[in-house]
Amino acid sequence: MPDETNASMPQVLTRRDFTTGRTVRWCPGCGDYSILSQIQKTFPELGRKKEDFVFVSGIGCSSRFPYYMDTYGFHTIHGRATSIATGLKMANPDLSVWIATGDGDCLSIGGNHFIHLLRRNLDINLLLFNNRIYGLTKGQYSPTSEFGKVTKSTPQGSIDWPFNPPALALGAAATFIARSIDVESKHLQEMIKAAYKHHGTSFLEIYQKCIIFNNDAFLTLTEKGTKADRQLLLEDGKPMLFGKDLTQGIYMDCACPEVIDLTDGKYSIDDVLVHDKTDRMKALILSEMTYRPEFPVPLGIIYEVEKNTYEDLTYQQIDQAVEKVGPGDMDAILRAGHTWEIK
Amino acid sequence: MSESKKRPGKSVKEVDQVTIRFAGDSGDGMQLTGSQFTETTGIVGNDLATLPDYPAEIRAPAGSLAGVSSFQIQFGHEDIQTPGDQPDVLVVMNPAALKVNLPELRRHGIIIANKSTFNTRNLDLAEWDVNPLEGDALLEYTVVSIDMTLMVEKALEGLRLTSKEVARSTNMFALGLLYWMYDRPIENTIEFIEAKFKSRPEIVEANKRALQAGYNFGGTNRLIQTSYRVSKADLPPGTYRNIMGNHAVALGLVAASQKSKLPLFYASYPITPASDILHMISHYHNFGIITFQAEDEIAAVTSAIGASFAGSLAVTGTSGPGMALMTEAIGLAVAAELPLVLVNVQRAGPSTGLPTKTEQADLFQAMYGRNAETPVVVLAAATPSDCFSMVYEACRIAVRHMVPVILLSDTYLGSGSEPWRLARLEDLPPIENHMITDTNGSFHPFEIVDPKTMARGWAVPGTPGLEHRIGGLEKDAVTGEVNYEAENHEQMVRRRQKKVDVVAEYIPPVATFGDESGNLLVLGWGSTYGAIRATVETVREKGHPVSHLHLRHLNPFPKNLGDVLVKFRRILVPEINLGQLARIIRSEYLIDTISYNKVQGKPFTTGEIEEKVMELLKETEDA
Numbered sequence: 202m203p204d205e206t207n208a209s210m211p212q213v214l215t216r217r218d219f220t221t222g223r224t225v226r227w228c229p230g231c232g233d234y235s236i237l238s239q240i241q242k243t244f245p246e247l248g249r250k251k252e253d254f255v256f257v258s259g260i261g262c263s264s265r266f267p268y269y270m271d272t273y274g275f276h277t278i279h280g281r282a283t284s285i286a287t288g289l290k291m292a293n294p295d296l297s298v299w300i301a302t303g304d305g306d307c308l309s310i311g312g313n314h315f316i317h318l319l320r321r322n323l324d325i326n327l328l329l330f331n332n333r334i335y336g337l338t339k340g341q342y343s344p345t346s347e348f349g350k351v352t353k354s355t356p357q358g359s360i361d362w363p364f365n366p367p368a369l370a371l372g373a374a375a376t377f378i379a380r381s382i383d384v385e386s387k388h389l390q391e392m393i394k395a396a397y398k399h400h401g402t403s404f405l406e407i408y409q410k411c412i413i414f415n416n417d418a419f420l421t422l423t424e425k426g427t428k429a430d431r432q433l434l435l436e437d438g439k440p441m442l443f444g445k446d447l448t449q450g451i452y453m454d455c456a457c458p459e460v461i462d463l464t465d466g467k468y469s470i471d472d473v474l475v476h477d478k479t480d481r482m483k484a485l486i487l488s489e490m491t492y493r494p495e496f497p498v499p500l501g502i503i504y505e506v507e508k509n510t511y512e513d514l515t516y517q518q519i520d521q522a523v524e525k526v527g528p529g530d531m532d533a534i535l536r537a538g539h540t541w542e543i544k
Numbered sequence: 004m005s006e007s008k009k010r011p012g013k014s015v016k017e018v019d020q021v022t023i024r025f026a027g028d029s030g031d032g033m034q035l036t037g038s039q040f041t042e043t044t045g046i047v048g049n050d051l052a053t054l055p056d057y058p059a060e061i062r063a064p065a066g067s068l069a070g071v072s073s074f075q076i077q078f079g080h081e082d083i084q085t086p087g088d089q090p091d092v093l094v095v096m097n098p099a100a101l102k103v104n105l106p107e108l109r110r111h112g113i114i115i116a117n118k119s120t121f122n123t124r125n126l127d128l129a130e131w132d133v134n135p136l137e138g139d140a141l142l143e144y145t146v147v148s149i150d151m152t153l154m155v156e157k158a159l160e161g162l163r164l165t166s167k168e169v170a171r172s173t174n175m176f177a178l179g180l181l182y183w184m185y186d187r188p189i190e191n192t193i194e195f196i197e198a199k200f201k202s203r204p205e206i207v208e209a210n211k212r213a214l215q216a217g218y219n220f221g222g223t224n225r226l227i228q229t230s231y232r233v234s235k236a237d238l239p240p241g242t243y244r245n246i247m248g249n250h251a252v253a254l255g256l257v258a259a260s261q262k263s264k265l266p267l268f269y270a271s272y273p274i275t276p277a278s279d280i281l282h283m284i285s286h287y288h289n290f291g292i293i294t295f296q297a298e299d300e301i302a303a304v305t306s307a308i309g310a311s312f313a314g315s316l317a318v319t320g321t322s323g324p325g326m327a328l329m330t331e332a333i334g335l336a337v338a339a340e341l342p343l344v345l346v347n348v349q350r351a352g353p354s355t356g357l358p359t360k361t362e363q364a365d366l367f368q369a370m371y372g373r374n375a376e377t378p379v380v381v382l383a384a385a386t387p388s389d390c391f392s393m394v395y396e397a398c399r400i401a402v403r404h405m406v407p408v409i410l411l412s413d414t415y416l417g418s419g420s421e422p423w424r425l426a427r428l429e430d431l432p433p434i435e436n437h438m439i440t441d442t443n444g445s446f447h448p449f450e451i452v453d454p455k456t457m458a459r460g461w462a463v464p465g466t467p468g469l470e471h472r473i474g475g476l477e478k479d480a481v482t483g484e485v486n487y488e489a490e491n492h493e494q495m496v497r498r499r500q501k502k503v504d505v506v507a508e509y510i511p512p513v514a515t516f517g518d519e520s521g522n523l524l525v526l527g528w529g530s531t532y533g534a535i536r537a538t539v540e541t542v543r544e545k546g547h548p549v550s551h552l553h554l555r556h557l558n559p560f561p562k563n564l565g566d567v568l569v570k571f572r573r574i575l576v577p578e579i580n581l582g583q584l585a586r587i588i589r590s591e592y593l594i595d596t597i598s599y600n601k602v603q604g605k606p607f608t609t610g611e612i613e614e615k616v617m618e619l620l621k622e623t624e625d626a
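Those protein sequence lines, which keep their order, are chains A and B.
FYI, in this note's numbering the residues of the first sequence are 202 to 544.
FYI, in this note's numbering the residues of the second sequence are 4 to 626.
Only chain B is shown next, with the shape it has when bound in the complex (with noise of 0.2 Å):
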C-alpha cells in the first residue's frame, strides 16, 4: 500500500509535467487503466489531459497493428492544456502496441514492456523481425522489460479462475508498477474495482492482488531505480471532478433543464463518437428526462421536433454521417421556428471514414448543409468541460430564440477528458422561453413576441384556445396561414436570417490572449483550444509577440470579431480541416488568413503549432 513509501535504494525527481501513454490490444484494457490512472491523478491535485486512441473494430485480431489501442495522459502541477506531444512513458502489452507507438516516443523515453507476450507470435503478428527487446533496436530508449503476465499468475496462485482471466488482470500489474512510480495511492482503484466486480470476488481479489503486485514490484525490483514526484497544480479553489466532453454534454442538458424548468427529450441513434452522451442521459430518467433511442437519425431529429411543439427542451446528439441524415429536419425547425439543440460530436470523414479518429470537417456542413436559405446557430465546444458551459449555451439560445442550434464537439473532446470545477445550477445564468398560454384572442402563431429576439410565441399543444397549425409551407409573416406570395416568401427568408443574426447582441464581445494588436493572431475554434493555447504561452515566455483568438460562436459571430482582427498583421488559422474557418473570416471580413491544416484523425501537437507560429514570427521579423 502507500504507506510503504520506504523506498530503500531508490530516488526520487521532481518534475514538472509527464506524459504517459498506455497501449495494448483492444482487449487488454488500457482505455479503463488509463481513466484510472487518470482520475487518481486528479485526485491528488494535478492539472491534467487525456486522449485516448481506440480502433473502429471492438477486436481486432488480437496481436495484430489494427487492433492497438491507447490512451495517453498528461499531467502536471502547471496548466495543461493538451494530452502532451510526446510520451515520456510508453507502457507497452505486446509487440504490436510498441510497434505501432514507438515512432512516436520520446526521445530517451521510458518504454515499459510486458516481456511475456513478446513471443514469435505475437513478434510475427507485429511484424518485428527480431525482438526488439532483446536486440538493439531500443538503445536510445530506457526499457523495463517485466515478465508482467508471469508475475500476475504469481500473485493470483490459489485463485480459482481461468488462464484468460489470470491474463486479464496483467493491466492492473501495469497500473500499479505507474501508481508506485508516480507516487500515486492505489486506494481510489481498489474502490473502483470492488464497486465494478461486486458480483465477482474472485475477479476483484484478482485484479486488487494484480495491482498490489505492480506496484510492490516498483518498490522492490532492480530494473527502476527512480520514482517520480509531481507537485500539485496551482488551481483555482473549488470542487473539482475529471470531466471528458460527452459526459459534460449530458450533465449541461441536464442543468438546462433544471435551470429552465423544461423536461428534456433526448433522442438519438446510436453512433460513433457521440453514443456516450445517450447512454450517461439514460441514467437521468428519476430528473423526469425521456431518452429516446430512434431507428434512425431522421426520426431521431424528428421526434426531437415533434417534442419541441409539444414544449419539451428537445436535443439530439450524432456525429457527422448522422448529421447528413437530419438535414431536410433541421430545415422544417427552421421553418417552424421551433427550439432545437443539435449537438454534433465530429468525426474523420467523408462516409464512414475514420469513425473514431478526430477531425473538424463538420464546420462548413453545420454552417451551410442545407437546401435553400435556412440559417443555424453554430456554436463550438473549446475544451472538455467546456461542452459542459457550450451546450448550456445552445439550450439557451434554442428556447430564447426559438431556432434551431447546432453545437460542434469532437472525438478528441468527447472522449478527452480533463479536470473540471464543478459548476453550480445557482451560478448559471436563467434560460427564459416564450411560452405563451393566454388567451385573450389576440394569438397569432407566426406573430414576433419579443422583437430582441425575434421569437415567436411557443403555444404548445393542450393550451385551450391556441389551436394552430404549423409546417413546412411558406406562411403568413404573422397569421402563419399558408402563404405563397413573393413579397411574403422574401419577407420570411430575411426574417430567418434575422433571427440569427441577433443572437450577436447576446453574444459577449470576444478578446485575445496576449496582445491586442502585433504581428501574429493565431486562430482557433473548437478543440485546437488546448494546443493552440498551450503554443502561444510557451512562444510568449520565450519572448516573442503572438497573440490568441478562440472562437465558441461560429454563427453569428460575436459582433466585435471583425475589429480585433484587424489589428494583426497576419492571422494563422489551424484547423483539422482543410481549412473551413479560414475561408469563412476571409468571406466575411476580407481578411486574408493563413490556414494551417492536418487531417490525420489527430489533434495538433504543441510542437507542430509552435514551429509554424515560429516559422511566420521570423518571416515577419526578416520583412
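Bound-form chain A, shown alone (with noise of 0.2 Å):
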C-alpha cells in the first residue's frame, strides 16, 4: 500500500501484526503462553495504531514479555517498570503504555513504585502476571506465596503473610481493579479491553500458573470438577451468584458477607448482593475474600471509578502556567530579579 493513502487510513491490524518472529522461551506449558495469545488477539480490537503501543517490563519471566510483541518495548529493570512507564506516559501521553510484571517485580523489588503509580493514576495498563512463586530464579517464594509455603529458600515453610493485590491496590487508591485467569482466554480478552478502555492506572492481576515451580497454584479454580464453586464472575449490576447453576450466592448479614445456598428455601436471589464496580466498600469486602477458602474468588472488574491522569493534570497545570504568564520566554528568567549594565 502506498504511504499516503496508509497514513490516511486507519490501519488494518492483525494478530500477526503484533508477533515478532522470536522464539518464545518460557517453558512449554506457561501461562504466560496463554496471556501473551490473548494480547495479540486483542489488540486489532483496540483501533490504536501500533506504533502507539508500548510495552514495558521489569525483571522475571512475565518480563520477557515485550521481546514477543512487535509493538515498542523496553524491558527494563527489576521493579522499575511503573517507575519508567511513569516517565514514558508524561512524556507522552498519546501513547497506549503497557505494563508486563509479575508477583516479585511489581508486589516486591517493586511496591513502592507500584502503589505510587496507582495513586498518581496515570493512563497506564499494568498486567500483573500472579504466579505466587520465583520462577526466574527457580522456584523461591514471592509476595503473594501462601504463608508456610515450603519452597527452595523456606525449607521450613514461609513466614511471610502474602500480600493481597486488590486489597493493596484499593489502599493505594486505584481506580481500576480487575482479575482474570490465564486459562479463561474469553474472560482474559475482555478483561484486557476493560483494561485498555479505563482511562486511568488500570490494575488487571492475572492468576497465571507455573509449570514448574507452582503448577497447582490456582487448580481448583481452573479445573473442570471444581472450577465452577471456585469461581465469581462479577458483572456490574448483577447479584454475585456462583456455583454450576448459580444456585450459591453472596450475602451480607451486617458487615459480614457469607455465602449462601438459593437451594435451601432460607434465601432468594433478592437476597444477594448486587456488585457495584463503584462502591468501594464492595470492592474492599471481594478483595477480602483472596486468600479465604470459605469464599469463592471474585473474577471480573472488581472496582473501577473516573479520575483525572496525572499526565492530564500535568498539562493541564502547563496550560494554565502558559495562559497566566504567557509562552516561555528565556530572555525574560534570565533577567528575572535583578539585573545591571557594566558599560
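Hints are computed from structural coordinates only; laboratory data are not their basis.
Be a bit skeptical, because a hint or two may be false.
DSS-like, lysine-lysine: derived pairs with alpha carbons at most 25 Å apart [to be verified]:
hint, chain 1, residue 1, chain 2, residue 2
1, A, Lys525, B, Lys501
2, A, Lys445, A, Lys387
3, A, Lys525, B, Lys199
Note that the coordinates shown come from a computational prediction; the quantities given were computed from them, not determined experimentally.
Reconstruct the complex from the two isolated chains, following the hints.
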C-alpha cells in the first residue's frame, strides 16, 4: 500500500502484526503463553495505531513479554517498569503504555513504585502475572505465596504473610482493579479490553500457573470439576452468584459477607449482594475474599471509578502556566530578579 | 534614605575588598539578610562571592550553638574569586552566633552585636561564662554593641504586631546599618520587602521601618565613626545578575531545552542541597517543561529514563546518597544507550553525613560507582555561574552521543553565588541529536548512525515503522536483539567505553593559567576553582612562578591533559576529599601528584592553599 493512503486510512491490524519472529523462551505449558496470545488477539481490536503501543517490563519470566510483541518495548530493571512507564507516559501521553510484571517484580522489589503509580493514576495498563512464586530465579516464595509455603528458600515453610493485591491496590487509591486467569481466554480478553478502555491506571491481576515451580497454585479455580464453585464471575449491576447452576450467592449479614445456598428455601435471589463496581466498600469485601477458602474467588472488574489522570493534570498545569504568564521566554527568566548593566 | 549622604563628623574610607559575615539563630533570617546585601552589592557594581552556611535542622533550639546560621560575602572592585577567608566584619544577632564565628574573625575585625539578646539565658546556651560584650574577651576587636531589638521596638511603635513579629524585623535593622556603613542604597531591599510581604501591609511597614532605622542609626550614632567605599569592579561590559549554582543549573537546563527543541523532563526526589533545582524549574512549566517529584531517587532516575526513551531531554538532580540509589538505573541507561543527565550537588558524607555542608568526595562514585564496565561521562562545574555552562554542556554531550552524563556540583557552588554576565540563547552552541523518523526499511535500533559520535539512532515510540525493543540484556551490536554470544558481548563492552572516549574529540584543549611549564602546577576540579585561582594570582603577584589548571571534563579528560601535566616538575592537587582526582591522574598518566586535602564540610581558604604553595615552592628552591 502506498504510504499516503496508509497515512489517511485507519490501519487494519491483525494478530500477526503484533508477533515478532523470535522464539518464545518460556517453559512449555507456562501460563504466559496464553496471556501473550490473548494480548495479540485483543490488540488489533482496540483501534490504535501499532506504533502507539509500548510494552514496559521489569525482570522475571513475565518481563520477557516485550520481546515477543512487535510493538515498542523496553525490558528494564527489576521492579522499575512502573516508574519507567510513568516517565514515558508523562513525556508522551498519546502512547498506549502497558506494563508486564510479575508478583516478585511488582510487589516485592517494585512495591513502592507500584503503589505510587496507582495513586497518581496515570493512564497505564498494568498486567500483574501472579503465579505466587519466583520462576526465573528457580523457585523461591514470592510476596503472594501463601503462609507456610515450602520452597527452595523456605524448607520449613514461609513465614511471610502474603500481600492481597486487590486490597493493596485499593489502599493505594487505584481506580481500576480487575482479575482474570491465564486459561480463561475469553474472560481474559474481555478484561484486557476493559483495562484498555479505563482512563487511568488499570490494574489487572492475572492468575497464572508456573508449570515448573507452582503448577497447582490455582488448580481448583481452573479444574472442570471444581471451578464453578470457586469462580465468582463479577458483572456490574448483577447479583454475585456462582456454582454450577448459579445456586450460590454472596449475602451480607451486617458487615460480614457469607456464602448462601439459594436451594434450601431460606434465601432468595433478592438476598444476594448486587455488584457495583463503583462501590469501594464492596470492592474491599471482594478483595478480602482472596485468600479465604470459604469464599469463591472474585474474577472480573472488582472496582472502577473515573478520576483525573496524572498526565492530564500535568499538561493542564502547563496550559495554565502559559495562560497566566505567556509562553516561556528565556530572556525574561534570565533577567528575573535584579540585573545591572556594566558598560 | 540614601540621599542623606551628609555624614557630619564621620569619615569615609576607600577599601579594595571587604568580607562580611551575618550570623544569627536559624530563625533570625540571616540567609535573607545576606542575599539582600548580595543583590544590592551586585547592583552597585562590585564583584562578589558568597557562602551561606546553615545547620541541617530547620529550627534547632533557639539560641543554641547548633542553631547558628550564617551568610558570608566578599565583595570588591577587583576580581573576587572566593567568599573570603576571614570576615572583616562579623554581625552577630545573639551570643551563640558570636561564640561559633568569633574564631574566624580577622584580628582587629569589627563585631556588630545585637546587645539585646545577650541575656543570661542566651549566654548560658552559648556557653559564655561572662558576657563577652562587657568583659575583656573581645579586646582585640572593634566592638559595636547596639540594643537592636530595643531600637526596632521603638521604630515599630504603633504597629499592630506581636512582640515576636517585632523581634523578627531586627535583621532588617542590621541590614540597614550595613548598607549605611558600605554606602549602598536601601531601595532595592524596600522593593523586595514590598513584593515579598504583599499580602501583609503591616509586616511590610515593620520591615521598612526597621531597615530605615538601621540605616539612620549608622548616620547619627557615635559608635560608628567610619563608613567605607568600595568602588565598582572592572567587569566586562554586559548585563549582569547575581546567580547561585543551583539556579544556574535550572536556567541552563531550560536553555538546553529551548536550544535543542527537546521538551525538558526533570525528575527529582527532594534532597539537600539539590532541591532548589526542582523548586526553580517547577516555575517554568510555561516552557512546556515537565517537573516530576518522584517517590524516591530510583523513581526519579527511572522515570527520566522512560522520558528519554520517549524523546525528552531527560534530567534528574540529587546529592550523593540519591546518586547511590540511582546506580543500577544508570547502568540501564548505559546499556540502552539513552541520553540522560544526572546532576549531583555533592554534600559531605558518607551516609547522611553533613547534609548542608560541602564536599567533593563523589568523584569516584561518578567515575566508577556501578557494577560491571559501565563508563559514564563526568563533568564538573567550577563556579556558581559555571553551573549554567556545564549543565548545558552535559545536555549537549548526552544527546549528541546517546549516553548518560553526570555533572558534579556541590553545596558550595549550589548555594553560593556570584555576579554573572547573562548568557544569550543565540550565543549558545547548537545541540544536535540523532532522532530518526524515516521508515526506509533499513532500521536497526543499535546500529551506530554516526561513527564520529558513536550514537545510535533515537527512534521514539509513536514513530510508524520503527517499532523495536530495547533493554538491559546484552544485545546484538546492530539489530539490538538479545545476544548472549561471547564475542558480541566483548564488542559491546568496548563500544560503550568508546562512546565515552570519543567525547574527548569534542572537548577543547586545556591551557594553564600562568606559565606553560615550571616547577609547580596547582591542579583542581570543581568548586575549588575560586580559592586556587585567587591564591595563584596572589602568589604570582608576589613574584613566584606557579600555574593553575582547572578541570571541568573529568571523564574523558581533555586530550592534551597528559602533555600539559608533564611540563611541570610538581603538581599540587587540592581537593575537598582524600585525594580522588590525584589518584585518577596518577593511574591515567603515571604522574605523581601531591595531594592537599581538607574534609571539614568547608571550602578551602586562599590562605590555606597559599601556605601549601609557598611551602612547596620553598622546597623546590632549596632542592
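Going down the list of hints, with the structure as the test:
{"no.": "1", "hint": "A:Lys525 to B:Lys501", "in the structure": "47 Å, violated"}
{"no.": "2", "hint": "A:Lys445 to A:Lys387", "in the structure": "19 Å, holds"}
{"no.": "3", "hint": "A:Lys525 to B:Lys199", "in the structure": "20 Å, holds"}
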